[in-house]
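Trainee: This is what each chain is made of:
Number of protein chains: 2
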Amino acid sequence: MTRILIADDHAMFADGIASILQAEADIEVVGRCLDGPSAIEFLKKDKKVDILLLDVNLPNMSGIDVCKKVVEDHKQTKVLAISMFNEESFVTEILNNGAMGYILKNTGREELLKAIHTILGGKSYFSKDVTQTIMKGLMKNRKGGNESSKKALPKISRREKEVLDLIIKEHTTQEIANQLFISLKTVESHRSNLLAKLNVRNTAGLVRIAIENNLLAKSN
Amino acid sequence: MTRILIADDHAMFADGIASILQAEADIEVVGRCLDGPSAIEFLKKDKKVDILLLDVNLPNMSGIDVCKKVVEDHKQTKVLAISMFNEESFVTEILNNGAMGYILKNTGREELLKAIHTILGGKSYFSKDVTQTIMKGLMKNRKGGNESSKKALPKISRREKEVLDLIIKEHTTQEIANQLFISLKTVESHRSNLLAKLNVRNTAGLVRIAIENNLLAKSN
DNA sequence: GGAAAATTAGGGGATTACCCTTAAAGTAAA
DNA sequence: TTTACTTTAAGGGTAATCCCCTAATTTTCC
Numbered sequence: 091m092t093r094i095l096i097a098d099d100h101a102m103f104a105d106g107i108a109s110i111l112q113a114e115a116d117i118e119v120v121g122r123c124l125d126g127p128s129a130i131e132f133l134k135k136d137k138k139v140d141i142l143l144l145d146v147n148l149p150n151m152s153g154i155d156v157c158k159k160v161v162e163d164h165k166q167t168k169v170l171a172i173s174m175f176n177e178e179s180f181v182t183e184i185l186n187n188g189a190m191g192y193i194l195k196n197t198g199r200e201e202l203l204k205a206i207h208t209i210l211g212g213k214s215y216f217s218k219d220v221t222q223t224i225m226k227g228l229m230k231n232r233k234g235g236n237e238s239s240k241k242a243l244p245k246i247s248r249r250e251k252e253v254l255d256l257i258i259k260e261h262t263t264q265e266i267a268n269q270l271f272i273s274l275k276t277v278e279s280h281r282s283n284l285l286a287k288l289n290v291r292n293t294a295g296l297v298r299i300a301i302e303n304n305l306l307a308k309s310n
Numbered sequence: 091m092t093r094i095l096i097a098d099d100h101a102m103f104a105d106g107i108a109s110i111l112q113a114e115a116d117i118e119v120v121g122r123c124l125d126g127p128s129a130i131e132f133l134k135k136d137k138k139v140d141i142l143l144l145d146v147n148l149p150n151m152s153g154i155d156v157c158k159k160v161v162e163d164h165k166q167t168k169v170l171a172i173s174m175f176n177e178e179s180f181v182t183e184i185l186n187n188g189a190m191g192y193i194l195k196n197t198g199r200e201e202l203l204k205a206i207h208t209i210l211g212g213k214s215y216f217s218k219d220v221t222q223t224i225m226k227g228l229m230k231n232r233k234g235g236n237e238s239s240k241k242a243l244p245k246i247s248r249r250e251k252e253v254l255d256l257i258i259k260e261h262t263t264q265e266i267a268n269q270l271f272i273s274l275k276t277v278e279s280h281r282s283n284l285l286a287k288l289n290v291r292n293t294a295g296l297v298r299i300a301i302e303n304n305l306l307a308k309s310n
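Protein chains in written order, with this note's numbering: chain Z, 91 to 310; chain P, 91 to 310.
There could be a bad hint or two in this list.
No distinction is drawn between identical chains; accordingly, a pair holds when it is met within one copy or between any pair of copies.
Unchecked claim - Computed list of lysine-lysine pairs in BS3-like fashion (alpha-carbon distance at most 25 Å, straight line):
id: 1; residue 1: Lys-287; residue 2: Lys-275
id: 2; residue 1: Lys-226; residue 2: Lys-287
id: 3; residue 1: Lys-204; residue 2: Lys-134
id: 4; residue 1: Lys-287; residue 2: Lys-213
id: 5; residue 1: Lys-287; residue 2: Lys-259
Since the hints were derived computationally from the structure, they do not count as laboratory data. Quick caveat, the model's predicted, so the values are computed rather than measured.
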């Protein structure tokens with residue numbers, strides 16, 4: 091028997107889902123919560139909830155935060171996010187916080203059940219529309235990163251890249267000098283040039299830019 | 091008229107695609123290359139290629155590197171990656187390097203044409219299977235990041251997170267102290283604790299860990 | 001209500017990073 | 001072949017980080 095908890099502030103919607111699920115022989119709806127804190131409370135008392143059907147947009151405490159807490163404190167409970175909105179930010183945020191799936195509220199009965207069973211099986215599930223949204227967002231980042239928008243960061247020379255790579259790996263200037271068999275002063279030069287070229291103030295900026303533009307360990 | 095260049099080391103496959111495309115009234119196959127360097131050469135001479143159908147796994151020079159070069163030097167040419175393999179690493183790599191789409195070699199005529207027209211329209215296109223692969227990979231990262239595998243980085247307190255956030259933004263310890271209205275020495279304490287907690291040697295490590303685990307600007 | 005953790009703060013010292021300038025030798029492209 | 005960039009290196013100085021220690025107050029959690 092699969093035990094399911096529903097967390098949604100729209101009572102009617104929660105009821106609708108509950109009635110769909112109650113009709114299934116192998117599913118039991120163990121509770122309905124209208125906000126985040128009460129869902130957390132419920133899980134503290136009932137440790138055997140298999141799936142939390144969680145609305146992403148909840149009052150008091152956002153679904154994101156609820157999801158985070160549930161994933162941390164109740165590893166036996168899997169989170170299936172439900173939302174009115176097919177927004178990339180919502181999807182990525184809650185996935186980043188441990189949700190196993192994301193479906194939209196216009197999802198039909200069959201798909202809801204399919205999502206639940208998929209997640210129970212340890213796999214993840216997303217509505218078709220959600221998948222498309224994610225892929226689009228993924229591409230936007232890529233495009234921004236490769237052709238137009240980005241400030242087209244100036245060319246970093248081969249040696250500078252080697253130095254940068256070692257900086258990111260937490261090596262000091264002296265260590266870098268030893269590893270590359272060059273003088274401490276030379277490495278300092280490269281560092282200065284990197285700071286100027288990448289237009290940052292210090293090591294923190296270097297690491298940030300390098301990671302953001304994945305300048306590290308690439309064929310170049 | 092859409093001008094297409096095919097780059098694939100399997101001559102028979104390249105011929106097959108060519109014959110499919112030639113049958114289309116609005117498409118002209120302007121060339122077939124058997125490896126990366128020759129494709130690059132071709133594009134240097136013919137500046138009006140609209141789409142490069144690029145095999146990800148090419149001899150001599152990998153499709154990834156070819157794609158990178160094409161996106162950099164021939165912005166009018168869009169890259170549609172083709173591959174035998176529905177491998178996450180291939181897909182993400184070539185997308186990271188500016189490809190506009192990724193289809194598998196078992197793709198039928200209709201889907202190939204659909205992909206081409208979609209890309210011509212400035213949008214991205216992926217085979218269904220490819221999309222699923224990406225989503226799976228995306229989830230693996232998330233899961234690894236939230237429950238099991240990862241070294242479950244120790245809890246960073248609210249104040250430490252604030253300090254870390256400002257470090258990443260390239261502020262010095264003194265500046266951070268001023269902004270948070272606390273002593274320089276206090277910020278130094280937080281810094282030391284962060285270094286110890288995250289098990290890194292210096293600022294570079296802090297920034298790297300923070301970005302990798304996106305500890306920044308989160309509700310917490 | 002008491003233990004644990006977080007936040008605050010200091011002294012003092014060692015190491016490292018950053019800044020400015022200069023400059024020679026090697027490399028690649030126009 | 002000249003120009004531009006890269007790589008190398010140095011002197012001399014300032015600023016910032018890192019390290020070790022201690023310790024009081026406050027907050028948080030069981």
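Trainee: Now tell me if each hint is right for this structure.
Mentor: These are the hints, each one checked on the structure:
no., hint, verdict
1, Lys-287 <-> Lys-275, "within (18 Å within a copy, 32 Å between copies)"
2, Lys-226 <-> Lys-287, "neither (31 Å within a copy, 37 Å between copies)"
3, Lys-204 <-> Lys-134, "neither (27 Å within a copy, 51 Å between copies)"
4, Lys-287 <-> Lys-213, "neither (44 Å within a copy, 33 Å between copies)"
5, Lys-287 <-> Lys-259, "both (20 Å within a copy, 17 Å between copies)"
In summary, the numbered hints that this structure violates are 2, 3 and 4.
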